[in-house]
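Position 149 of the sequence shown, counted from 1, bears residue number 149 in UniProt numbering, the numbering being contiguous throughout.
Hints were generated in silico from the structure; no laboratory data involved. Keep in mind the model is a prediction, meaning the values are calculated, not measured. Take the hints with a grain of salt, since some may be wrong.
When the alpha-carbon atoms are kept at most 20 Å apart in a straight line, the in silico SDA-like pairs for lysine to any residue are as follows [said to hold, decoys possible]: (1) Lys39 to Gly52; (2) Lys53 to Glu40; (3) Lys132 to Pro116; (4) Lys31 to Gln170; (5) Lys178 to Gly164; (6) Lys100 to Gly157; (7) Lys100 to Tyr150; (8) Lys53 to Asn19; (9) Lys91 to Lys39; (10) Lys31 to Leu45; (11) Lys178 to Trp156; (12) Lys58 to Val134.
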Amino acid sequence: MAPGVNTTDPLALSVHGLNPQNLVETITRNKCYSCRYWKEECFGLDAEGVMGKGAELKYIGSTLGPAFAPTPFICLVLKLLQISPDINIIKEYINQPDFKYLRLLGLFYMRLVGSPNDIWSCLEGSLSDYRKFVIRVPGKVGDEQWRVEYVDEFVWGLLHDEEGYVLGIQLPRLPGRKVMEAGTSWRKVAAKGGDIRRVSKLRGDKRVKEIAKHKRRMERIELGLEKGGGKKKKGLFKEKGEGEGGEEEEGEEKKKEGTVEFWNEERRKLGLKELKG
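Please construct the entire structure, taking both the sequences and the accompanying hints into account.
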């Protein structure tokens, strides 16, 4: 094997103070380097090539069998750690809706190398993905099991697993959600559509001003609804004795519009000072 063929990209940033590939245990890493899938399918891959291979996956898993042979999934995880693509590329893996195993690859990699802010925002958005996927779980020697799980359950385990040991890899420590919410601001992905919503913690006077502004806006909306829905339609289902009198009342209402009294009444509803006549 040529020297340096399995070394980490020299432009890659360290992750949690480590070489990114060292997040995978040495034994598993060496098994990947020596397996056929790594030599034939992963050699020379860039982020786009990994995307294509991820779309072809049929299951996920770690190592299998008495020889602890690595699965294609774990080989692609190691390849991503080796080339360390831009985090926005990984977000594209996650946000695309068509290939669930490619999404799982992106989610698992994000959990390994992402910042707490990116991890919570990207992974929480996938909790609404209820698709089934196949995972191959190692058991006793020669007794591996195929199991069907749901994407949202897998993501929940990545976020909340107490042991932090998933697919044979020790996950880096992740601050809790409450700790993230205590910060000044953070981002989360909406449950559906992959839209990003900004959640800000406003403090002090700024928060009071925002609340007052929101209340004034709601009052204006309610006032508009009352004016639009509260008027009686004239000429329909008139009661006996109703006719000219109703027209006179309508005329008086029209006369009142535009006067100082009319606008003072409207300003009182909005909590504003009255106009001086």
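Hints and how they fare:
1. Lys39 to Gly52: Satisfied, since the Cα-Cα distance of roughly 16 Å is no more than 20 Å.
2. Lys53 to Glu40: Cα-Cα ~12 Å, so holds.
3. Lys132 to Pro116: violated (26 Å)
4. Lys31 to Gln170: holds (17 Å)
5. Lys178 to Gly164: holds (18 Å)
6. Lys100 to Gly157: holds (17 Å)
7. Lys100 to Tyr150: holds (10 Å)
8. Lys53 to Asn19: Violated, because 24 Å separates the two Cα atoms, which is more than 20 Å.
9. Lys91 to Lys39: With Cα atoms ~27 Å apart, Lys91 and Lys39 exceed 20 Å; violated.
10. Lys31 to Leu45: Roughly 18 Å between the alpha carbons, so the hint for Lys31 and Leu45 holds.
11. Lys178 to Trp156: Holds, at about 16 Å.
12. Lys58 to Val134: Given pair Lys58, Val134 holds - Cα atoms ~7 Å apart, limit 20 Å.
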